[in-house]
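Protein chains: 2
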Amino acid sequence: MSKLYLVGVGPGEPEFITLYAKRVLEEADVVAYPVKNSGEKSAALEIIKGTVNIKEAAELEFSMSPHLSKREGSRQSAAQKLIEILKDGKTAAMITLGDAGVYSTCGYVRDAVRVAGFEIETVPGIPSFTAAADAAGINLCEGNERMAVVPGIRGRDDLERLTAAFDTVVIMKAAAHMDIIYETLAEKGLLESAFAAKELYMPGGGIFPVTPEKSGYFTTVIIKKHG
Amino acid sequence: MSKLYLVGVGPGEPEFITLYAKRVLEEADVVAYPVKNSGEKSAALEIIKGTVNIKEAAELEFSMSPHLSKREGSRQSAAQKLIEILKDGKTAAMITLGDAGVYSTCGYVRDAVRVAGFEIETVPGIPSFTAAADAAGINLCEGNERMAVVPGIRGRDDLERLTAAFDTVVIMKAAAHMDIIYETLAEKGLLESAFAAKELYMPGGGIFPVTPEKSGYFTTVIIKKHG
Numbered sequence: 000m001s002k003l004y005l006v007g008v009g010p011g012e013p014e015f016i017t018l019y020a021k022r023v024l025e026e027a028d029v030v031a032y033p034v035k036n037s038g039e040k041s042a043a044l045e046i047i048k049g050t051v052n053i054k055e056a057a058e059l060e061f062s063m064s065p066h067l068s069k070r071e072g073s074r075q076s077a078a079q080k081l082i083e084i085l086k087d088g089k090t091a092a093m094i095t096l097g098d099a100g101v102y103s104t105c106g107y108v109r110d111a112v113r114v115a116g117f118e119i120e121t122v123p124g125i126p127s128f129t130a131a132a133d134a135a136g137i138n139l140c141e142g143n144e145r146m147a148v149v150p151g152i153r154g155r156d157d158l159e160r161l162t163a164a165f166d167t168v169v170i171m172k173a174a175a176h177m178d179i180i181y182e183t184l185a186e187k188g189l190l191e192s193a194f195a196a197k198e199l200y201m202p203g204g205g206i207f208p209v210t211p212e213k214s215g216y217f218t219t220v221i222i223k224k225h226g
Numbered sequence: 000m001s002k003l004y005l006v007g008v009g010p011g012e013p014e015f016i017t018l019y020a021k022r023v024l025e026e027a028d029v030v031a032y033p034v035k036n037s038g039e040k041s042a043a044l045e046i047i048k049g050t051v052n053i054k055e056a057a058e059l060e061f062s063m064s065p066h067l068s069k070r071e072g073s074r075q076s077a078a079q080k081l082i083e084i085l086k087d088g089k090t091a092a093m094i095t096l097g098d099a100g101v102y103s104t105c106g107y108v109r110d111a112v113r114v115a116g117f118e119i120e121t122v123p124g125i126p127s128f129t130a131a132a133d134a135a136g137i138n139l140c141e142g143n144e145r146m147a148v149v150p151g152i153r154g155r156d157d158l159e160r161l162t163a164a165f166d167t168v169v170i171m172k173a174a175a176h177m178d179i180i181y182e183t184l185a186e187k188g189l190l191e192s193a194f195a196a197k198e199l200y201m202p203g204g205g206i207f208p209v210t211p212e213k214s215g216y217f218t219t220v221i222i223k224k225h226g
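Here the protein sequences come in this chain order: A and B.
Numbering-wise, numbering that gives the first Met the number 0 puts 23 at position 24 of the first sequence, and it's gapless, one number per residue.
Numbering-wise, numbering that gives the first Met the number 0 puts 65 at position 66 of the second sequence, and it's gapless, one number per residue.
These aren't lab readings, by the way, just hints derived from the structure by calculation.
Among the hints, a few may not be true.
Because identical chains cannot be distinguished in the list, a pair is counted as satisfied if it fits within a single copy or across any two copies.
[Said to hold, decoys possible] Simulated crosslink set (SDA-like; lysine to any residue; CA at most 20 Å straight-line):
id: 1; residue 1: LYS69; residue 2: ASN143
id: 2; residue 1: LYS54; residue 2: GLU159
id: 3; residue 1: LYS89; residue 2: ILE179
id: 4; residue 1: LYS35; residue 2: ASN143
id: 5; residue 1: LYS2; residue 2: GLY136
id: 6; residue 1: LYS224; residue 2: ASN143
id: 7; residue 1: LYS21; residue 2: LEU189
id: 8; residue 1: LYS172; residue 2: GLY142
id: 9; residue 1: LYS35; residue 2: GLY88
id: 10; residue 1: LYS48; residue 2: VAL29
id: 11; residue 1: LYS40; residue 2: GLU12
id: 12; residue 1: LYS21; residue 2: THR50
id: 13; residue 1: LYS89; residue 2: PRO13
id: 14; residue 1: LYS48; residue 2: ARG22
id: 15; residue 1: LYS48; residue 2: LEU18
id: 16; residue 1: LYS21; residue 2: GLY49
All values derive from a computational prediction rather than experimental measurement.
The following block holds chain A by itself, in its conformation from the complex (with noise of 0.2 Å):
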């Protein structure tokens, strides 16, 4: 039966995926994985190449273009090509890093298949910033601590109201903005109470002292007020 499954492989470790996630990628079809530009290694493929044995793999690419038309293009041609595998009355599963619900590229497909008029699945995987905060060996939350989860930072502004409103705050995507994170909790006085996940579970990545300099992309930066 024709079924697409959004599958969250983790943060990176092949262990940290989940023992339904590994199977339905085993019984699937068709294993989709996303690449920015065609041909390139896959970061979602890779975590799963060693510990989950696929059937057949096809790429779906997300154009990282600065031209929207062309991000929006490639969307639409990698739900197109995943709608013809379903239409072929296969399952398929898109894989992803972290969680499909949380800032994934499966997002971008989600919509199109749905209207095309296929079941889809969501298997939970394992959210980078929780894995982040585990790795940390904090309590990212606990008893009657608030916590926000933004993309970016909109300024030091921003990042002022949010560490005065919330106990703990999450900031995803932070790599092109480490320099006003760096120089609005030192005013605070919370880089102590502040790490950076780089890369984590990737080639030289952990988790690091906020600094200001400019990161790889995989970076998250938690502040944990009370920590």
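We have chain A already, so just place chain B on it with the hints.
Quick look at chain B alone, frame taken from chain A:
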């Protein structure tokens, strides 16, 4: 070698445990499980009993008494019980629903065990709120969207401010506030953009519309404005 693992076993579906969590639990000398009252069934232990073969189980009581001193006393006793296991040179794995860093009982013992000088490793689990969004088939957050995660609300004004400032609002432990949540969302025209995950992956549980009746302990409301 003595070591404490804090292991998230996910939201309730046995196959939502990771390969790594399964391995850690099967290798641990003792698996410690939380209960509210001694002798009760442990939800976390129920999740793993069909898929994980453990060597030995130990109960940890975390009182839900209205008296803080009783709650804190039981937390200290639980930490001491873990420390005794570790002093015997054993590895212990404490299990918890969801992820050990997200509003979990593990938060109550982490510091005491660390201060006692033992190594601690947190093993990620699928958090209940991302699993709830996955079960509902929505993108919890995408693109430039921002998310707030709160353990209950502080009244109508609080919820209005949260929904004004964030694209996605996750209200955990929402059970006691369903009337205010329902009324506020109805007034703001947001009922269609919200759902309640009640006892998800537990008997009789699932994804439901938001209604004003008080509900069970494991109730999470998710509001996704542009869903």
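We went through each hint and held it up to the structure:
In the homo-oligomer, the alpha carbons of LYS69 and ASN143 lie at most 20 Å apart only across protomers (18 Å), although the nearest pairing inside one protomer, at 44 Å, exceeds that limit. Proximity of LYS54 to GLU159 under the C-alpha cut-off of 20 Å is found in neither arrangement, the shortest distances being 50 Å within a copy and 49 Å between copies. Within a single copy, LYS89 and ILE179 get their C-alpha atoms no closer than 48 Å, and across copies no closer than 46 Å, so neither meets the 20 Å cut-off. For the identical chains of this complex, LYS35 and ASN143 are inter-copy neighbours only, at 19 Å across copies versus 40 Å inside a copy, given an alpha-carbon limit of 20 Å.
When the C-alpha separation of LYS2 and GLY136 is checked against a cutoff of 20 Å, the pair qualifies only between copies, where the shortest distance is 14 Å, while the shortest distance within a copy is 38 Å. Taking the shortest Cα distances, LYS224 and ASN143 sit within 20 Å of each other inside one copy (13 Å), while across copies they are farther apart (24 Å). When the C-alpha separation of LYS21 and LEU189 is checked against a cutoff of 20 Å, the pair qualifies neither within a copy, at 40 Å, nor between copies, at 36 Å. In this assembly of identical chains, the alpha carbons of LYS172 and GLY142 lie at most 20 Å apart only when taken from different copies (11 Å versus 27 Å within one copy).
For the homomeric pair LYS35 and GLY88, neither the shortest alpha-carbon distance inside one copy (27 Å) nor that between copies (49 Å) is at most 20 Å. For the homomeric pair LYS48 and VAL29, the shortest alpha-carbon distance inside one copy (14 Å) is at most 20 Å, but the shortest distance between copies (32 Å) is not. With identical chains, the CA atoms of LYS40 and GLU12 are at most 20 Å apart within one copy only, with a shortest distance of 17 Å there and 32 Å across copies. In the homo-oligomer, the alpha carbons of LYS21 and THR50 lie at most 20 Å apart both inside one protomer (8 Å) and across protomers (14 Å), since each shortest distance falls under that limit.
For the homomeric pair LYS89 and PRO13, neither the shortest alpha-carbon distance inside one copy (26 Å) nor that between copies (27 Å) is at most 20 Å. In this assembly of identical chains, the alpha carbons of LYS48 and ARG22 lie at most 20 Å apart whether taken from the same copy (14 Å) or from different copies (19 Å). Taking identical chains as interchangeable, the C-alpha atoms of LYS48 and LEU18 lie at most 20 Å apart whether they share a chain (15 Å) or sit on different chains (14 Å). Proximity of LYS21 and GLY49 under a CA criterion of 20 Å is satisfied in both settings, with 11 Å inside one chain copy and 17 Å between copies.
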